[in-house]
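Protein chains in written order, with our numbering: chain A, 3 to 281; chain B, 59 to 434; chain C, 1151 to 1360; chain D, 71 to 295.
One or more of the hints may lead you astray.
Here are the simulated BS3-like cross-link-like pairs (lysine-lysine), alpha carbons at most 25 Å apart as the crow flies [said to hold, decoys possible]:
no. : chain 1 : residue 1 : chain 2 : residue 2
1   : C       : Lys1204   : D       : Lys97
2   : B       : Lys162    : A       : Lys166
3   : A       : Lys277    : C       : Lys1275
Residues from chain B that keep clear of chain A, each with C-beta distances beyond 12 Å, as calculated [to be verified]:
no. : residue
4   : Ile115
5   : Gly223
6   : Thr344
7   : Ser347
Here are a few chain A residues that sit away from chain C, every Cβ distance over 10 Å (derived from the structure) [stated by the list, open to error]:
no. : residue
8   : Val25
9   : Lys36
10  : Ser40
11  : Ile107
12  : Ala112
13  : Val134
14  : Ser144
15  : Gly153
16  : Leu159
17  : Pro160
18  : Tyr212
19  : Pro240
20  : Asn265
Hint data in this document are derived by calculation from the structure and do not stem from the laboratory.
These numbers come from a predicted model, not from an experiment.
All C-beta atoms in this analysis are idealised placements derived from N, C-alpha and C, irrespective of residue type, glycine included.
This is what each chain is made of:
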Amino acid sequence: MSFLEKLDRLDRRIIFLIIGVAVFVPLLFRVPIKVVQSPIVQDIYEGIQALPEGSIILLSFDYDPSTLAELQPMSEAVIKHCIQKKHKMVFIGLWPQGPKLAQGIMDEMAPRYNLQYGVDYVNLGYKTGGLVVISSLGSAISDPFPTDMNGTPLRELPIFNEVKTLRDFDYVVSMSAGDPGIKHWVMIAKDRFKVPVGGGVTAVSAPAFYAYYNSGQLEGLMGGLRGAAEYETLIDTPGTASYGMSAQNWAHLMIILFIIIGNSTMLILKRRKEKSRVR
Amino acid sequence: MKRLLFTVILISAAFFSLSAQESEGTFTAEDVKYDSGGSVDLAWNLPGLEESQTLEIYRVFNGGEGKIIQSKDLSGRFSDRNLKLKGSYSYVLRVVNEDGTVAKEISAGPVIPGASLFSMKRAIVLAALIIIFYLITHYIRASRRGIEFPIRKIPALESVDEAIGRATEMGKPILFVPGIMDIDDVQTVAGIIILGEVASKTAAYDATLNVPVSRSMVMSTARETVKESYLKAGRPDAFHENMIHYLTDDQFGYVSGVDGIMAREKPAAIFMLGTFYAESLILAETGNSIGAIQIAGTAMPSQLPFFIAACDYTLIGEELYAASAYLSRQPHMLGALKGQDMAKLFIMIILIIGTILTLLFPPVGAWIINVFSNIG
Amino acid sequence: MITAFVAVIMIVAYFVPKPEVSVIRDDLQQWFLIVVTFTMVLGLLNLLFVSLHKARKGRKEDRFYNWVTIVSLLGTMAAGFLKGGINSPAFDFIFNYIYIPLSATIFSLLAFYVASASFRAFRAKSVMATILLITAFIVMMGRVPLGDWVTGWAQGTSLDFLYLPNITNWIMEVMNMAGQRAVLMGAALGLIATGIKIILGIERSYLGGE
Amino acid sequence: MTMTFAGAIGPFLAGVLTLAIFSFLYKDNPVYKFAEHLFVGTSAGYWFIYNVYNIFIPNVWVALHEAEGFRDYLNVVLPVILGVFMLMRLIPSVSWISRWAMAFSVGMTVGFNTITELQTNVLQQIGATLSPFASLHFNNGGLGASVNAIIILLAVLAALVYFFFSKEHTGGYGHIAKVGIWVLMITFGASFGYTVMARISLLIGRVQFLQTDWWVAIKHIIGLG
C-alpha cells in the first residue's frame, strides 16, 4: 500500500487527536488574537462608549449554560466596558438560568473593581413570560420585579431612585440564545419605548438578525465567539473569546487542510487508477 | 362698547375654554377595530403637565385597579393588550405631584375590547390558503378523472433500485433510518411512506431490511406499512416483525445504537429519511466510512449540508415530500404534486408582478409589501 | 375524522377573532400542551420499562449500565420533587454539574466528527458537492482571523471585494438569504399540501395503515 | 478565587464526566457507557421535572383548583383523558385507543402548522423579498443594496424553479433549475461553515472549563488551592 493509500484510509482517531491538540494548545498558552472589526460589532461598542459616564444599562441574560461558550464571553466583555465607562448596570433574565450566570460574572468583578451592590449594579432575577415581562417593564419596573433577586424591595436600592420604567434606561443589551430574547427586546424596548437595543447571539442564529440591524431596529450585534472577540479587542482587554478565537482559528485551519488533503489524495488516486487501467 | 364687551367675552371664553382644555387635557380609550380582540388603544394629550408632575394611567377592571403606565410625556399613545374579551374596562389617568398627591384625574371608558367576525389583516392568509387548497384539490380531481401528470427525474429516487440491487448482490442488509421524531412529524410520515416503497422492493429482491426506530408509535406504524408491502409483493413469509425494532427514545442513545448496527452489519445501502438533528453528521460519516451507498433526505435546513456532503444522494426539503408520489405513482399523489407546483408558480408570479409594481408605482408597491409583511 | 375536525377548527379559528371562536383555539392549544406532556411521560415509561427489562434479562455486561439509567432517572426526579422544586440545591447540582457538562460535551464531540468527515467524506464527487465545499471553505476562512491574514492586503483597496470577511458577509446576506427563502417556501408548500391531504383523508398512514 | 471543598466537588465531577465522554473518541469503553447512560437517565428526569413545573402544575393542577364552572373543568379533564389514552399504547390489547390521541395531536399540528407556515414562511418571505425594491436607487450609496436586492429576487426564483416537479429539467428551463441548485448549494455551504464554527466553539468551551474551573477544583481537592 502506498503512502497515499494509507493516508486515504487514515484512522479517524489521528484526526480526532489533531483537532484536540489544535484546540487545546492555543488555549493552554493563552495567545490572544486580534481580530479585525466589523461595523456591526463596532456600532454596539460605540453606542455604549458614547453614553455619558454613569448612564444606566439594562443587561438581559437570555440564555442558559448550553450556549455559555459563545455568549458568556460577550456578557463579560460588555460588563467590563460598562465598568470602564462607570455605567450602572441592572441585570435581568428572560431565561431561568440567566441571572445565575450574571451573578457568576459579578461575584468576580465586583470585588476587583470595588463595585457596590445596589449603587453600581443590581440583579433583578428571572421572570417567566418573555414579551409580557418586557412590556410590563415599560409601565413600571416594580410591576414584574417588586424585589431584586435576593428579595430586597426595589425602593431600598439606590439605583432605582433614577430608574422607574424601561424608558429610563439608556441602553438595553440582550445576550440571547433564542426565544424569548433579543427579538422581543427589539419589538418592545426599541419599537415601542424607543430605547436603543443591542446585544449578542450565537453564531448559528446571527444571520437571521442582520435584517434588524439593516433596518436600524438593532444598534449592533455580536455573533458567536468572533463577535465577542471583536468586542474584547475594542475594549482592549483580551478575554476568553480572544483566546478561544485563536483555538478556533487553528481548528478551522486544520479542517480546511483536511478537506484539501482528502480531496487531493482522492484525485491523485483516481488518476492513478485510470492510468493503470489504460495500461 | 357693546361690541368691545362682546369681543372681550368671546376672547375670555376662548381663553377659558383653551385653558380649560389645557388644564384638563384629553384622554381617550378606544377598542381596536378588525383585530383579533383584546386590545384597547389609549391616547392622551396633557399640554399642562409640569416638569415635577408625572402621569399615571390605571386600568379599572372588575372593581380592581392596576397601574399600566407611568410617564412624563405630554402626549402619547399606548395599546393595552391581552385583555379579556367582553370584559368592561375603564381607564383613569392621574396627574401626580412630586409629593404623591393627585393633582388631576381624568377617566375614560368603559370600553369593551371586542373582536370582529373577521380579521382584516389576515385576509391575505385566507386568500392564499383558498388558492392553494383549490389548486391542490383541483389537480387531485383531475388526476382521478384519468389525466396523467408527468414528474421529473429525481436522481436520489432513481437510485433506490440501484442501491437495493447492489445490496442484494453483495448479500448485505439494507438499513433504513426514519429520523428521531414521532409520527406526528410530517417528515417522519414522508419517511415512512418511502419505507413502504423500499420494502416492496426488498420483498421482490429478497433482500434483508433493518429498520431501527426511536419512537414506539413509529415502530407500530412502520411495522404495518412494511407488512402491507410484503403482502402486496406476495412474500408474507419473508416478513418478520423484528425487522423494525425499537432502540431508545434518547437522541444520542439512538445514534450510538444505529452506529453500532452500521459497524457490525456493514449494510450496503443506507436510507436516512425523516427529521434529523445533530445526529445527521455522525450517521452520515459512519455510513460513509463503511462504504455504503447512502440516500438521505430531510427538510431540516441546518442538517442538509452534512447529508449533501457525505451521502451519495440527498432529497432536499420539498423533494422529501414529493418522494412518496414519485415512488408510488399513485394518480392522486401526482395530482397533489402538480397542484403544489402550480402554487409555486403562483408565488413566482406574485414576486415578479410585485417587483414590477413596486418599481413602477411605488405607492401600490408599498401597499402590497405592507399586506404581505404586516399580518395581524 | 378527529384529525380533520381539529385541524379545520384550528384554521377557522385563526381567521375569526370573535371570542366565541378564538377561545376554542386557545383551549385546544392548552389541550395540546397537556397531551404532549403525556407523550413525554410515555417516552419516559418506555425508557424505564426497556431499561428495567434489559437490566434484568439483557446481556450480562450491559445490565449494570441500565441500572445506571434507572437510578439516575429516578434520582433526578426525586431531586426535582424536593423542597424548592426546580430550584432546590440538589436539582441545581444535578443540572449544573451532571446534565450541563454531559450534554455540552456530547454536542462538542461533533467538532471531532466534522473534522473526520471533512477528511474522509467531504469530497468533490460532483459539481454540486464542489460548490458546497468551496462556499463552506470561504465562510470558514472568513469567520476566523485566517481570512484576514490571507486577504488582508485587499482590504480598503479597489480590490476590497476580494477581502474574505467581505465575501463571507455577502454570501451570508445575499446568497444564503435567497437560498434559505426558497427552501422555506418549498418546504412550507410541501407541508401545507400534506396537511390538506390529511384533512381530506387521502393521507392516513400516520395511523399505522388501516 | 475562593472555593470551599464542597464547592469544588461539583466542578470536579463535571470535569471527570467531560473526560469520560471524550474517551469515546478513542473507542467505546465502560467509562463512556457509564457517562452515556447517566446522561440518558438525567436528561429524561430533567425534562420530566421541567414539564411538571412548567406545564403540569400551572396548566393542570392550578387550573383545576382555580376552575370556575363546567367549562374550565372540561378544559383540564378532557386533555388529561386524551393523555391517558396516549399512555394506553403501553398495553398492547388496548393500544388502539392511543390512535384517538394521536389523531388529535396530528390534527393540532396540521391545523396549526398549515397557517403558521403559510404566514411566516411563504407570505412574509414574499414581503421581505419585495420590500428592498421600495427604496431602490442606483446612485452611489444605494447601488450595492439595489444589486443585492435584484440578485436575491433572481436567486429565489431560480431555486423555486429547481423545486418544480412536473417538468423535466431540459433546455433553457433546465439551465434556470441548474442555477437554482447552485444557489441552494451555496446556501448549504454557508450554513455548513457556520455550524462548524458553532461546534468548535462548544469544544473550546469544554476545554476552557477543563483548564480553568476543573483545574482549580482539582488543586483544591488535593490541598493546593
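Against the structure, the hints come out as follows:
Proposed proximity of C/Lys1204 and D/Lys97 is supported: the alpha carbons are some 23 Å apart, at most 25 Å. Proposed proximity of B/Lys162 and A/Lys166 is supported: the alpha carbons are some 21 Å apart, at most 25 Å. Restraint check for A/Lys277 and C/Lys1275: the C-alpha separation of about 19 Å stays at or below 25 Å, so the hint holds. B/Ile115, annotated as away from the interface, has a beta carbon of chain A within 12 Å; the closest lies near 8 Å.
With 12 Å as the threshold on Cβ separation, the claim that B/Gly223 sits away from chain A holds: the shortest Cβ distance comes to roughly 24 Å. The beta carbon of B/Thr344 is not kept farther than 12 Å from every beta carbon of chain A, the shortest such distance being approximately 10 Å. The beta carbon of B/Ser347 is not kept farther than 12 Å from every beta carbon of chain A, the shortest such distance being approximately 7 Å. Not every beta carbon of chain C lies more than 10 Å from that of A/Val25, the smallest distance being close to 8 Å; the non-interface claim is violated.
A cut-off of 10 Å between C-beta atoms contradicts the statement that A/Lys36 is not in contact with chain C; the least separation is 8 Å. With a least beta-carbon separation of about 7 Å from chain C, A/Ser40 fails to lie farther than 10 Å from that chain, contradicting its non-interface assignment. No Cβ of chain C comes within 10 Å of the Cβ of A/Ile107; the nearest lies about 16 Å off, and the non-interface call holds. The beta carbon of A/Ala112 is kept farther than 10 Å from every beta carbon of chain C, the shortest such distance being approximately 21 Å.
For A/Val134, the condition that its CB be more than 10 Å from all CB atoms of chain C holds, with the nearest at approximately 15 Å. At roughly 23 Å from the closest C-beta of chain C, the C-beta of A/Ser144 stays outside 10 Å, upholding its exclusion from the interface. The Cβ of A/Gly153 lies farther than 10 Å from every Cβ of chain C, with a closest approach of about 13 Å, so its non-interface assignment holds. The claim that A/Leu159 is not at the interface with chain C holds, since no C-beta of that chain comes within 10 Å of its own (minimum 22 Å).
Against chain C, the non-interface label of A/Pro160 holds: every CB pair exceeds 10 Å, the least being about 28 Å. The claim that A/Tyr212 lies off the interface is violated: its Cβ sits roughly 6 Å from the closest Cβ of chain C, which falls inside the 10 Å cut-off. At roughly 13 Å, the least C-beta separation between A/Pro240 and chain C is larger than 10 Å, which holds for a residue marked as non-interface. For A/Asn265, the condition that its CB be more than 10 Å from all CB atoms of chain C is violated, with the nearest at approximately 5 Å.
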